[in-house]
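4 protein chains.
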Amino acid sequence: MEKHMRRWRIEQFGKQNLRLETVPVPTPGRGEILVRVAAVALNYRDKMNIDNGSGGAQVAPPFTPASDMAGEVVALGEDARRFAVGARVMSTFWGGWLDGEWPSHAVALGAPGPGMLSEYVLLPEDWAVAAPAALSDAQASTLPCAGVTAWSALVEHGRLHAGQTVVLQGTGGVSLFGLQLAAAHGAQAIVISGDDAKLERAQALGAAHLINRRRTPRWDEAVREMTGGRGADHVLEMVGGDNFRLSLQALRQGGRVSVIGLLGDAEIHASSVPLFLGRPTIQGIGVGHRRALEELARAAGHAGLAPVIEREYGFGDLPQAIDHLERGPFGKLVLRLDR
Amino acid sequence: MEKHMRRWRIEQFGKQNLRLETVPVPTPGRGEILVRVAAVALNYRDKMNIDNGSGGAQVAPPFTPASDMAGEVVALGEDARRFAVGARVMSTFWGGWLDGEWPSHAVALGAPGPGMLSEYVLLPEDWAVAAPAALSDAQASTLPCAGVTAWSALVEHGRLHAGQTVVLQGTGGVSLFGLQLAAAHGAQAIVISGDDAKLERAQALGAAHLINRRRTPRWDEAVREMTGGRGADHVLEMVGGDNFRLSLQALRQGGRVSVIGLLGDAEIHASSVPLFLGRPTIQGIGVGHRRALEELARAAGHAGLAPVIEREYGFGDLPQAIDHLERGPFGKLVLRLDR
Amino acid sequence: MEKHMRRWRIEQFGKQNLRLETVPVPTPGRGEILVRVAAVALNYRDKMNIDNGSGGAQVAPPFTPASDMAGEVVALGEDARRFAVGARVMSTFWGGWLDGEWPSHAVALGAPGPGMLSEYVLLPEDWAVAAPAALSDAQASTLPCAGVTAWSALVEHGRLHAGQTVVLQGTGGVSLFGLQLAAAHGAQAIVISGDDAKLERAQALGAAHLINRRRTPRWDEAVREMTGGRGADHVLEMVGGDNFRLSLQALRQGGRVSVIGLLGDAEIHASSVPLFLGRPTIQGIGVGHRRALEELARAAGHAGLAPVIEREYGFGDLPQAIDHLERGPFGKLVLRLDR
Amino acid sequence: MEKHMRRWRIEQFGKQNLRLETVPVPTPGRGEILVRVAAVALNYRDKMNIDNGSGGAQVAPPFTPASDMAGEVVALGEDARRFAVGARVMSTFWGGWLDGEWPSHAVALGAPGPGMLSEYVLLPEDWAVAAPAALSDAQASTLPCAGVTAWSALVEHGRLHAGQTVVLQGTGGVSLFGLQLAAAHGAQAIVISGDDAKLERAQALGAAHLINRRRTPRWDEAVREMTGGRGADHVLEMVGGDNFRLSLQALRQGGRVSVIGLLGDAEIHASSVPLFLGRPTIQGIGVGHRRALEELARAAGHAGLAPVIEREYGFGDLPQAIDHLERGPFGKLVLRLDR
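Residue numbers (my numbering), protein chains in the order written: chain H, 1 to 339; chain V, 1001 to 1339; chain A, 2001 to 2339; chain R, 3001 to 3339.
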């Protein structure tokens, strides 16, 4: 094994301050695993953390960004028994949230927890899950945050089933996982975007209906029409602000809005009336627990779910990848570290 | 049985237009029961309907107001088998919502469905539930709307259990049922009011903590303190507007806000951050189904739950009772028709 | 419309006592619909009822057998508003169970409720559901009992999702619906049968694994192996007796056995140890409510679920169809009444 | 702190082989806490383990028995942060089951995990929960196994609420917790015992109905009568064998049997018919997770739940306490180590 490794580091906020530094490869302590990272998936939250720490609580430099990786276990600390050397693993977004309710000791990877943009990472063995054999490293690296967020919203909380309708706002990573999960569960997906080219690609992934929000700003009415007047069972709310009103109005009686997105407004607004008359459930989603990642990994294997990666970058191309992230990719962006 | 009966009727909106009229006692058709009304409980919604029809969908004069009554079955239509003549019954708020999800054919009593402010009422037999022997007619009449609303929020959706904390805003009918249900389930209630005298009465009913919102406008922080920093498990949101932000901030991780009230703003506002970090469930409540009323009736019997009635009026005193309703009673107001 | 119709009738138990009789076409009363039956699906329960009434409670001759039909609404009684004349509908297995918990007034069709083996049937409008446009009449007629039973077990109670494993015992109607629902939800199905030819057909329908119970009597161990030691998430128990022990032993920690079948022993036996160590949920299933049928109908449309019909018979061929039923068909048997 | 401590140890099965030995007080390693034990509650499982290891999986001498203790944290290992020195804590029955589904790495205390019959015990900090201030050490020591078992069955899985009926078989620790939880949630408890004196004591604790099973062997019919024909919502099954048939027959439609007991037969038997007609849920219970213990602790504080301890013994009196355990105490037996 090498003695030294490269990792991305930021000493103060601002993407111009990202530096590739070379440091010794660490040694796993008790209960820890050392992972040689093969692929790191970026999330919009990483950009927010790099810009000003707004992607989560208690984010302050210096830190190594990114929460989501796939790689190979190369060394074990004392008492580490969950994985053998050579195992392919993914990180969990939340270190220490295994199942059930979110515990206050859980820590988000990529700041304030350890960042994955590093050739090797140390993790407590409980913070990793076996990667599905059916997925490449790049694909597996997209599951921990975007994949688990869609899974928590639709499956863990939402009890998604065949015959339901799911509304997806935009074509980022979470929305496309939502689309693929809908298709895998026999549900129909309605995708909203302002870009016809992206809508076409969503259709190729199995979307049943498409709405261009520029031509159809009252997309809630379009959803109601597409569902024979009934309304949607699930909406993944990615925008906030007044868009939230439309999300509520697009729902069937007793439907569910999962509030996920940080992309638009930092506020949500709603009128009370659809809350009494429509009896919706509005569920805040903050990624999810390790069991959700394990279930998603199993589902990806059985149901042939192939995560959508718009482009893969080299490890050194982080700045370009972040520029791409700002432009809004179709699906995920991944940095590959394979050599 | 009498041949004629009196009932309250409104030909155009405005409480000055309420008239007591005398009409023939109707005859039950197939599957219907005729009930001699003993007590009618008023809800704030009744006032809104009388004022301008804003208490629900499709409310237009002429109509007889009020949804909640207790009385005695005095005649049965053909094939009506659920009750015997002489049985004590309550109306269900929603005619035709028996269990599970709200069906679109369900109709709210008191407009557009039949109104209970009448000496006799006809109901399909499915729209009534046996009144608990342990409660007086006046008490039983308060269960269908205010009681079921609190039950749906806390028990049916909320899975209330011992050791939890419930925050109640104000001391109206729903809030006091919430307080009594909390006490009956071994949970602690925190009551917020702007009136110290009402807070004292809430304490006598079993409230564990009291907050005067005039002296403590940041009641969310007070709730957090009273729960050792943990936050509340349940908040019954009765106000809306910016109060909703405080409701979210008063919650524990994964806690629940039930949105019930029409008393304040017709909008709700929230910042997105507590939705990601706190993972709350926000549940719109629109009263509830017949099974909820049956379960509440059983609970009232077993757990010794005595609904709080601030004052009983005579049948002819409806205008005075509505004036009282506008002033905000502590608990419920009931009109008694016993003779 | 014709004035007279034919219907099957039994005056005393025993299939030799089945008679085709001609009676007047009835007229719908208040809230009823008259349906011209196009297809009737048979269930094993129908045979039990014909033999000795053992297919349910309070079954006594004379009666017209069968609970499951698809057909066309040809006349409406007063106040019947759910369907227009010309609508394609299916019967609900339980008359009067709309949603939520089973109500004691619900009545099973085909005895003691009205039987569907008739050219025309009268039903309260609440006892019917729109047939999915994507299914033929014969296919739609198989949903009310066998389809809803599998749906209730796996979706309504079982929260089936992608990546799970479902064990199916035999290849009767319920098992094949279970197999198709598993596939439609991204789950893998393991089918057990004593007949290799049937196993091959199950594979063609999407079964991931096959077990011939004659060659592998300890099928529980085979299931454990096929799931990497983890065990199955769901077992549909169709046999009873000591087979139930194997069902429990085939389960993952916290898995679910749905007890459905009447085919084998009338008793179930289990050892206590897997109940403490494995924490299973054992759920008795008695078909399901109308909402389940509505959801299944929607799923069949969206997810392209085509019920498996082994053979269609003419209306007059009931005795032959019952003989076939006794031999154990692969999927469903349907009588077609189209002319 | 003392340098040496006494602990009970067994080198081969059989209670005659229990020895009090003196060993050095251990030092907490990384993430561990050292607890000075104040009280240890015995469970029937401890007796089974001592007799022949039948109280769980992989129980083999040598071991120190008992899973349930309350005591004081006296030293912290490196990185142990959940508790301060001086904190009062209880052990969790399952080491490593924090929330959600039971993980396969979880280990039962008292064999094969560490035993609590010791003056000091070392525990990973995650295996302990703060003891409620309202309970004595002896009372707190009864929560981890018997208390959590009843809580898991009735609250976590069973969603117990006011107005329900709970049937309790016998008057051991779990049954009396069930009785007290029923009372704390506004539900009515029916207690079955063969001993009138114990029934009287159960009544004093709040039981609504009592059944002497010697005089009323068909206790299922008595339960049905006491519930107006409806049946019970919950039965805690403590006996097994043919008693299980009665448990099913005592249930309401859609009711719940929690299978807990090891006291009677190691088999359960049931007829299939009530499983189809009654749609019960049968849930295997294997104690529960740490969150359940935390919630129970909170409930004990708020709802004034005082665990029933029939007798307290000194640390040296273990043999006598086990003799008492074999005779079947009313509630719990506790050894106190306070000096």
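Any given hint might turn out to be false.
[What the hints assert, rightly or not] If you anchor each label on the Cβ, the simulated ranges turn out as follows:
hint, chain 1, residue 1, chain 2, residue 2, range
1, H, 58, V, 1216, 55 to 63 Å
2, H, 241, V, 1328, 29 to 37 Å
3, H, 58, R, 3328, 47 to 55 Å
4, A, 2225, R, 3084, 44 to 52 Å
5, A, 2216, R, 3194, 55 to 63 Å
6, R, 3267, A, 2058, 31 to 39 Å
7, A, 2216, H, 241, 56 to 64 Å
8, H, 241, V, 1206, 38 to 46 Å
[To be verified] Residues on chain V that point at chain R, a partial pick, calculated with CB under 10 Å:
hint, residue
9, 1021
10, 1025
11, 1151
12, 1305
Calculated directly from the structure, the hints in this document are not laboratory data. Model, not experiment: these values are computed from the prediction. Don't be surprised by glycine CBs; every beta carbon is placed ideally from N, CA and C.
Legend entry - Hints that the structure is at odds with (numbers, increasing): 1, 5, 9 and 10
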